[in-house]
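Undergrad: One letter stands for each residue in the lines below.
Number of protein chains: 2
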Amino acid sequence: MKRFKKVAILGLGHIGSSIIRAMQRAGSAEDIVGHAKSAETRAVAVDIGLVSEAFENPGEAVRGADLVVLCVPIGTCGSLAKSIKSSLSPGAILTDVGSVKAAIIRDVGPHVPKGVHFIPGHPIAGTEQSGPRSGFAELFDNRWVVLTPLPENPPEQVQRLEDFWLGLGARVERMDAVHHDMVLAMTSHLPHLIAYNAVNTASDLEAVTKSEVIKYSAGGFRDLTRIAASDPTMWRDIFLNNKEAVLDVLGRFSDELSVLQKAVRAGDGETLFDIFTKARETRRGIIAAGQDTAAPDFGRSSGHKT
Amino acid sequence: MKRFKKVAILGLGHIGSSIIRAMQRAGSAEDIVGHAKSAETRAVAVDIGLVSEAFENPGEAVRGADLVVLCVPIGTCGSLAKSIKSSLSPGAILTDVGSVKAAIIRDVGPHVPKGVHFIPGHPIAGTEQSGPRSGFAELFDNRWVVLTPLPENPPEQVQRLEDFWLGLGARVERMDAVHHDMVLAMTSHLPHLIAYNAVNTASDLEAVTKSEVIKYSAGGFRDLTRIAASDPTMWRDIFLNNKEAVLDVLGRFSDELSVLQKAVRAGDGETLFDIFTKARETRRGIIAAGQDTAAPDFGRSSGHKT
Numbered sequence: 005m006k007r008f009k010k011v012a013i014l015g016l017g018h019i020g021s022s023i024i025r026a027m028q029r030a031g032s033a034e035d036i037v038g039h040a041k042s043a044e045t046r047a048v049a050v051d052i053g054l055v056s057e058a059f060e061n062p063g064e065a066v067r068g069a070d071l072v073v074l075c076v077p078i079g080t081c082g083s084l085a086k087s088i089k090s091s092l093s094p095g096a097i098l099t100d101v102g103s104v105k106a107a108i109i110r111d112v113g114p115h116v117p118k119g120v121h122f123i124p125g126h127p128i129a130g131t132e133q134s135g136p137r138s139g140f141a142e143l144f145d146n147r148w149v150v151l152t153p154l155p156e157n158p159p160e161q162v163q164r165l166e167d168f169w170l171g172l173g174a175r176v177e178r179m180d181a182v183h184h185d186m187v188l189a190m191t192s193h194l195p196h197l198i199a200y201n202a203v204n205t206a207s208d209l210e211a212v213t214k215s216e217v218i219k220y221s222a223g224g225f226r227d228l229t230r231i232a233a234s235d236p237t238m239w240r241d242i243f244l245n246n247k248e249a250v251l252d253v254l255g256r257f258s259d260e261l262s263v264l265q266k267a268v269r270a271g272d273g274e275t276l277f278d279i280f281t282k283a284r285e286t287r288r289g290i291i292a293a294g295q296d297t298a299a300p301d302f303g304r305s306s307g308h309k310t
Numbered sequence: 005m006k007r008f009k010k011v012a013i014l015g016l017g018h019i020g021s022s023i024i025r026a027m028q029r030a031g032s033a034e035d036i037v038g039h040a041k042s043a044e045t046r047a048v049a050v051d052i053g054l055v056s057e058a059f060e061n062p063g064e065a066v067r068g069a070d071l072v073v074l075c076v077p078i079g080t081c082g083s084l085a086k087s088i089k090s091s092l093s094p095g096a097i098l099t100d101v102g103s104v105k106a107a108i109i110r111d112v113g114p115h116v117p118k119g120v121h122f123i124p125g126h127p128i129a130g131t132e133q134s135g136p137r138s139g140f141a142e143l144f145d146n147r148w149v150v151l152t153p154l155p156e157n158p159p160e161q162v163q164r165l166e167d168f169w170l171g172l173g174a175r176v177e178r179m180d181a182v183h184h185d186m187v188l189a190m191t192s193h194l195p196h197l198i199a200y201n202a203v204n205t206a207s208d209l210e211a212v213t214k215s216e217v218i219k220y221s222a223g224g225f226r227d228l229t230r231i232a233a234s235d236p237t238m239w240r241d242i243f244l245n246n247k248e249a250v251l252d253v254l255g256r257f258s259d260e261l262s263v264l265q266k267a268v269r270a271g272d273g274e275t276l277f278d279i280f281t282k283a284r285e286t287r288r289g290i291i292a293a294g295q296d297t298a299a300p301d302f303g304r305s306s307g308h309k310t
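Going down the list, the protein sequences come from chains G and E. One gets the numbering used here by counting positions in the first sequence from 1 and adding 4 to each. One gets the numbering used here by counting positions in the second sequence from 1 and adding 4 to each.
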């Protein structure tokens with residue numbers, strides 16, 4: 005892996021700070037600088053040794069950087085790209101970490117100057133934590149990072165970005181942006197929508213008190229809804245920017261749920277049994293594929309203490 | 005806690021074998037015997053020291069027992085109760101571990117002889133494991149057990165059963181059977197229905213391969229669907245026997261999901277943000293209440309290795 009001279013991380017939250025911790029572990033950069041809107045975040049980032057300098061002005065942060073990573077909510081990537089376009093160095097790689105790709109290409113693409121290589125990316129990792137103190141070097145270990153290169157990207161630059169992520173412990177896959185958005189709608193966006201919705205259904209139920217829901221959540225509710233603790237701003241932006249794919253999978257989910265509802269109403273045990281058996285087999289496939297473990301911590305502890 | 009002379013565990017699966025391991029740890033019984041339909045299960049149960057004897061005929065198992073625990077799928081509790089009714093000893097406590105209570109009272113109640121104390125119960129604990137080898141003594145530690153006593157139960161017998169569960173490490177709550185069934189519909193039955201359905205939605209999606217779902221399941225799908233690995237027979241019986249409460253909460257879940265769907269379609273970021281924020285606050289309440297932990301293992305490891 006060829007070291008970057010200067011990496012600018014724009015946005016010093018959970019993902020930005022984890023990228024920095026992983027870079028520090030790997031020795032991926034000679035210098036790391038950052039940008040954050042909040043003065044407190046900038047002070048913390050310097051104080052805990054994340055960056056050599058933290059800039060209020062993102063243009064100053066990217067000056068002279070050969071790698072720039074946008075680690076801000078999806079909805080602000082476009083305006084951030086616009087504000088740095090005149091400061092980007094020719095030959096620099098510009099990438100991002102957004103959970104949707106087509107919308108980011110639409111928003112960021114027009115602001116990328118000639119000679120700068122915009123290669124969209126998405127590390128599929130994260131916890132429900134936030135802020136510059138929450139980052140940790142192991143976050144990307146064995147996790148997938150999807151790159152959705154553009155036709156104009158030189159292959160050697162895409163390879164350089166891939167090598168960067170491999171150095172951070174991740175595994176890298178490349179795919180088309182539209183396909184990425186459908187895969188993520190199913191594996192991540194729909195699950196979050198469902199989890200948020202289940203929590204609100206429970207809290208709106210008059211017959212069952214909130215303290216009862218909490219008390220008895222070990223029966224399944226707890227696991228189903230862990231991801232409902234995720235950041236509302238980030239998730240609002242995801243749903244606003246991956247509308248078609250989300251509506252597609254959500255429609256299918258609702259249709260299949262109606263089938264289950266009818267089977268429960270009709271007392272149709274055979275259909276219920278068949279549907280549950282099919283689901284269990286698929287779920288077991290996930291364990292077999294090593295994306296999960298049978299251990300009670302889901303294999304998520306991997307050296308990291310929260 | 006007053007020791008039981010002879011405890012008969014009918015059904016030697018995950019819950020039955022865990023009760024036995026916890027009893028052995030606590031010294032709750034002088035003798036523990038069991039019943040299982042499968043000859044292999046009976047042989048294993050004796051072999052690994054779960055029981056002193058394992059009977060094919062449940063009537064033989066309960067003879068002389070002062071505590072009998074039904075640990076079989078909900079749908080077979082009625083016929084099992086019928087088959088032991090002439091062998092139960094006067095003064096014995098008969099209880100169960102079923103996830104629904106009104107239906108079990110309906111099915112078991114008519115077979116309970118005078119002088120035998122049928123006190124329905126439900127330990128809210130379990131993993132997706134099954135079989136006699138999967139039991140472990142810590143399963144009930146700090147978990148809730150709900151007793152739904154009947155009007156005819158003598159208070160001292162209910163207390164004795166409560167003390168039994170406390171001895172196994174559990175916390176005990178008492179409530180009305182119908183209320184129990186509504187609380188569980190929300191906190192356990194609906195989450196399982198949703199998890200099964202999400203898995204099947206994913207596996208039916210042509211645009212996304214099953215291997216992609218598996219590969220990228222760290223984005224939320226994995227957590228949402230862990231409980232879809234649960235036993236199909238057990239869950240079919242739960243849905244067949246808690247129909248009204250499940251249809252009630254499922255209807256509310258679907259209605260609220262439609263609101264989210266409309267907000268996504270309309271690009272209504274404000275509504276999405278408000279809904280997600282409300283859900284996150286409730287979810288954080290679960291962590292604060294100690295039913296969950298912020299640790300990556302959900303606090304589920306508690307000394308038990310799987």
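Don't take every hint at face value.
No distinction is drawn between identical chains; accordingly, a pair holds when it is met within one copy or between any pair of copies.
As the list claims (entries may be wrong) - Straight-line alpha carbon distances no greater than 25 Å define the calculated PhoX-like cross-link-like pairs of lysine-lysine that follow: (1) K266 / K41; (2) K10 / K214; (3) K214 / K89; (4) K89 / K282; (5) K219 / K41; (6) K219 / K247; (7) K10 / K89; (8) K118 / K266; (9) K86 / K6; (10) K9 / K219; (11) K219 / K10.
Calculated directly from the structure, the hints in this document are not laboratory data. Treat the numbers as computed from the prediction; the structure is a model and nothing was measured.
Undergrad: Please go over all the hints and tell whether each is borne out by the structure.
TA: Status of the hints after comparison with the structure:
For a Cα distance limit of 25 Å, the shortest separation of K266 from K41 qualifies neither inside one copy, at 51 Å, nor across copies, at 32 Å. For the identical chains of this complex, K10 and K214 are neighbours neither inside a copy (50 Å) nor across copies (40 Å), given an alpha-carbon limit of 25 Å. Taking the shortest Cα distances, K214 and K89 never come within 25 Å of each other, neither inside one copy (49 Å) nor across copies (40 Å). Taking the shortest Cα distances, K89 and K282 never come within 25 Å of each other, neither inside one copy (51 Å) nor across copies (37 Å).
Within a single copy, K219 and K41 get their C-alpha atoms no closer than 39 Å, and across copies no closer than 35 Å, so neither meets the 25 Å cut-off. Proximity of K219 and K247 under a CA criterion of 25 Å is satisfied inter-copy only: 23 Å between copies versus 35 Å inside one chain copy. In the homo-oligomer, the alpha carbons of K10 and K89 lie at most 25 Å apart inside one protomer (17 Å), although the nearest pairing across protomers, at 79 Å, exceeds that limit. Taking identical chains as interchangeable, the C-alpha atoms of K118 and K266 are never at most 25 Å apart, the minima being 57 Å within one chain and 40 Å between chains.
Taking the closest pair of Cα atoms, K86 and K6 never come within 25 Å of each other, the shortest separation being 28 Å inside a single copy and 75 Å across copies. Proximity of K9 to K219 under the C-alpha cut-off of 25 Å is found in neither arrangement, the shortest distances being 52 Å within a copy and 33 Å between copies. For the homomeric pair K219 and K10, neither the shortest alpha-carbon distance inside one copy (50 Å) nor that between copies (32 Å) is at most 25 Å.
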